[in-house]
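Residue numbers (our numbering), protein chains in the order written: chain A, 1 to 149; chain B, 150 to 653.
Source of the hints: derived by calculation from the structure; they are not laboratory data. No experiment lies behind these values; they were computed from the predicted model shown. Beta carbons: idealized from backbone N, C-alpha and C, even for Gly. Certain hints may be false.
[What the hints assert, rightly or not] From the structure, some residues in chain B lie toward chain A, with a derived Cβ separation under 7 Å:
(1) Phe175
(2) Pro182
(3) Ser184
Here are the chains, one letter per residue:
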Amino acid sequence: MCVGFEAPNVTEMNDWIAIGALALVGLLIPLGMMAVSYLIRPSVPETSKRATYESGEVPTGGTRVRFNIQYYMVALLFLVFDIETVLLFPWAVVYLDALESDAVSLFEIMGPMVVFVAILLLGLGWAWRNGAVQWAQTPRQVEADRDRP
Amino acid sequence: MEPIQLPEWTALGPALLLAATAIALFVVDSISPRSTNRNVLAGIATTGSLAALGVAVWFSMAGVGATGVDGFGVIELFDGQFVVDQLALYFMIIVAVVTALVVVASYDYMAGHTYQAEYYSLVLLAATGMATMAAANSLVTIFIALELASLPSYALVSILKDNRGSVEAGLKYFLVGALSSAIFLYGISLVYGATGYLQLGNIASVIEAGDAAAYDGLLGLGILFLIGGIAFKTASVPFHFWAPEAYEGAPAPISAFLSSASKAAGFVIAFRVFTEAFPLEATAGVIGIDWTVAFVALAIVTMTVGNFAAATQDNVKRMLAYSSIGHAGYALIGLAGLSADGGELVMGAAMMHLLVYGFMNTGAFLFVALAEHWGVGRTFEDYNGLGRRAPVACFALAIFMFSLAGIPPLGGFWSKYFLFSSALEAGLLVVAAALVINSALSLYYYSRLVKAVWIEDPVLERDALTQPTGLYAAIVVAAVMTVVLLPGFGPVVDTALEAAAAIV
Numbered sequence: 001m002c003v004g005f006e007a008p009n010v011t012e013m014n015d016w017i018a019i020g021a022l023a024l025v026g027l028l029i030p031l032g033m034m035a036v037s038y039l040i041r042p043s044v045p046e047t048s049k050r051a052t053y054e055s056g057e058v059p060t061g062g063t064r065v066r067f068n069i070q071y072y073m074v075a076l077l078f079l080v081f082d083i084e085t086v087l088l089f090p091w092a093v094v095y096l097d098a099l100e101s102d103a104v105s106l107f108e109i110m111g112p113m114v115v116f117v118a119i120l121l122l123g124l125g126w127a128w129r130n131g132a133v134q135w136a137q138t139p140r141q142v143e144a145d146r147d148r149p
Numbered sequence: 150m151e152p153i154q155l156p157e158w159t160a161l162g163p164a165l166l167l168a169a170t171a172i173a174l175f176v177v178d179s180i181s182p183r184s185t186n187r188n189v190l191a192g193i194a195t196t197g198s199l200a201a202l203g204v205a206v207w208f209s210m211a212g213v214g215a216t217g218v219d220g221f222g223v224i225e226l227f228d229g230q231f232v233v234d235q236l237a238l239y240f241m242i243i244v245a246v247v248t249a250l251v252v253v254a255s256y257d258y259m260a261g262h263t264y265q266a267e268y269y270s271l272v273l274l275a276a277t278g279m280a281t282m283a284a285a286n287s288l289v290t291i292f293i294a295l296e297l298a299s300l301p302s303y304a305l306v307s308i309l310k311d312n313r314g315s316v317e318a319g320l321k322y323f324l325v326g327a328l329s330s331a332i333f334l335y336g337i338s339l340v341y342g343a344t345g346y347l348q349l350g351n352i353a354s355v356i357e358a359g360d361a362a363a364y365d366g367l368l369g370l371g372i373l374f375l376i377g378g379i380a381f382k383t384a385s386v387p388f389h390f391w392a393p394e395a396y397e398g399a400p401a402p403i404s405a406f407l408s409s410a411s412k413a414a415g416f417v418i419a420f421r422v423f424t425e426a427f428p429l430e431a432t433a434g435v436i437g438i439d440w441t442v443a444f445v446a447l448a449i450v451t452m453t454v455g456n457f458a459a460a461t462q463d464n465v466k467r468m469l470a471y472s473s474i475g476h477a478g479y480a481l482i483g484l485a486g487l488s489a490d491g492g493e494l495v496m497g498a499a500m501m502h503l504l505v506y507g508f509m510n511t512g513a514f515l516f517v518a519l520a521e522h523w524g525v526g527r528t529f530e531d532y533n534g535l536g537r538r539a540p541v542a543c544f545a546l547a548i549f550m551f552s553l554a555g556i557p558p559l560g561g562f563w564s565k566y567f568l569f570s571s572a573l574e575a576g577l578l579v580v581a582a583a584l585v586i587n588s589a590l591s592l593y594y595y596s597r598l599v600k601a602v603w604i605e606d607p608v609l610e611r612d613a614l615t616q617p618t619g620l621y622a623a624i625v626v627a628a629v630m631t632v633v634l635l636p637g638f639g640p641v642v643d644t645a646l647e648a649a650a651a652i653v
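Looking at chain A on its own, in the form it has when it is part of the complex:
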């Protein structure tokens, strides 16, 4: 049985070859830079190079510190408003067209978005009032929080 072999058409190069080449180059450049600097750098072992910061800062404590929970609070609040913009953008794009087309009234296009933003603002207000963005705390405030089980 004869197995046919079709020569690839050179002019129509498969797109994946280009992507593969790009990935290869992208991988080779950092590896090459690391290899070259490994070859030409002088070797001066010194204990302070093993420190967490080499920028003159004197490190205190280990690297496994507990982050303040408020970092996560701020990240969560950021996420809420990040998603809000994702929804606001397409809405803003169709807003004028929708008004001109007479298919929907001003109330129908404004209403849902106002409700949506109001709910988010309410959430922010709630988080604010409950101390999620209260960054620094005096010792007395910390003491007052302590008896909340």
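Add chain B to chain A, keeping to what the hints say.
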């Protein structure tokens, strides 16, 4: 009289009311943060859940979503992303009932807890998610509603922050929940890849047209993963491991909430997805196997595992948790019987069982809440002789236990009887036999609790027990409803059958 013409979006009224109540609680908590005014907070939550219940019952009576002569027809919202039919309203009623009972009972149980407003708003948000699950008609809305129901639940399970058991339960629940959410989402993506649609009706038409035939493996795997996600939400085998841990560690009202409302919400998406999106013959033609076979196996294994494990427990709350797994097995019969002619009868019976279960199981967990409120302990021995000190609550407990076991003339007997007879008619002899055997076994451990409470002598003498109003009210209402629900309410049977017929 001319009927009032409401705009279409009001059909989602029960879910919207629950959401509005949660928002109202947030407003109150923003105005006076750290308020522990339980009267106001529990009052708002109770009013909101009762209003949602009222609207759901009203809509159901008025024929919203009914496809009869006097009905308004099935209401599709947002291009069919949501659909309000009898099935959706029926399960919204279950969710609202359980929410109301749990909120009333929490008034006493959570007394002295610092995070009152957070607790009630999380309960209401989870209830919103469950009510939305009942109406969701596309895999995306189903998933979002599922997450809206799940995320507050994780926080609620571990809300007793100083209690190691509660925190551990919350972490376990969260880890298993995250895993099964991922599996469910992967299943959705596979089904989408095979059919090109997320809306349930469109998936069905692609499968029926035979366009998905090239992706049989993909579709089969997707369906399998969807079953996995649903099994988590309904606490069925093989994703039932979290249930005993989470229910034992969680505050008892939350255990009641999760084991009744959350389970019912899991079943409504199971019912809707599998009847609407995967028509039996066409899907069997593509993936080569009838999916009811999977549910037959799951139903038998789930009820057997749940009941046998429950029989060996010493801890009352764990026993109830395993019994709730067993009852998930009974409700799974509703999907197992769809291949036969009387499919909608079996599904209707399963839905009746979920409604009765909403009362009797919530009541049983609320009795555990009462016992925790008294501080009598956790095991069967600790419950010894409670009947002499608190006869009303213990009489209600006896009703719940015998109803869960299926003793006539209580609600649990009738729904199990409907399940049994319709399963026989549908030709599911093995499943029907498993149902009877497991019910007989369950009588052993349910009556053990009744015996401990009424017959055994207390290990040590107790002082008089308090009678917290909220817990007592919730328990008594649940007990009364368990007794009168099915024998007295012909409409419930009709509604359940109509709701099942709407989608089959």
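Hint by hint, here is what the structure shows:
1. Taking 7 Å as the C-beta contact cut-off toward chain A, the hint placing Phe175(B) at the interface holds, the least distance being around 5 Å.
2. The closest approach between the C-beta of Pro182(B) and any C-beta of chain A is roughly 5 Å, which is under the 7 Å cut-off, so the hint is satisfied.
3. Taking 7 Å as the C-beta contact cut-off toward chain A, the hint placing Ser184(B) at the interface is violated, the least distance being around 11 Å.
The structure shown violates just one earlier hint, number 3.
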